[in-house]
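Student: Sequence:
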Amino acid sequence: MAISPSQRRYLRSLAHDLHPVILLGAKGATEAVVKELDLALSHHELVKVKLSGGDKEEREAQIDTLINGTRAENVQQIGHVVVLFRRNEDDPRLALPR
4 MAISPSQRRY LRSLAHDLHP VILLGAKGAT EAVVKELDLA LSHHELVKVK
54 LSGGDKEERE AQIDTLINGT RAENVQQIGH VVVLFRRNED DPRLALPR
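Each residue of the sequence shown is one higher than the one before, starting from 4 at the first, in the working numbering.
Just to be clear, a hint being listed does not mean it is correct.
Stated by the list, open to error - EDC-like cross-link-like pairs, simulated, lysine to aspartate or glutamate; straight-line CA separation at most 16 Å:
no., residue 1, residue 2
1, K30, E63
2, K53, D67
3, K30, D58
4, K53, D20
5, K38, D67
6, K53, E39
7, K30, E61
8, K38, E48
9, K53, E63
Hints listed in this document are in silico derivations from the structure and should not be mistaken for laboratory results.
Based on the provided sequences and hints, a complete structural model is requested.
Tutor: Right under this line is the structure:
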């Protein structure tokens, strides 16, 4: 399910005060990191991730790995920080606007 622009704007406002839950190290987006992010998304639905250093292409590759591994949606990316969202179908925690 794709999120609408108004929902994206709402999620960005919620993510403003969040601290990064997942911090990527020198090895980048490994399978263990994807599993941990999957658990965090199941629990929180909205997660901030701090990417490891590197050039823009490396960060884009890390984001693609995280999104494809967790079926999450990219809400926002600013520099080395990306905000991801995935709705918990069993127990939704965030009420999204239409």
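Student: Could you work out which earlier hints the structure fails to respect and list their numbers in ascending sequence?
Tutor: none
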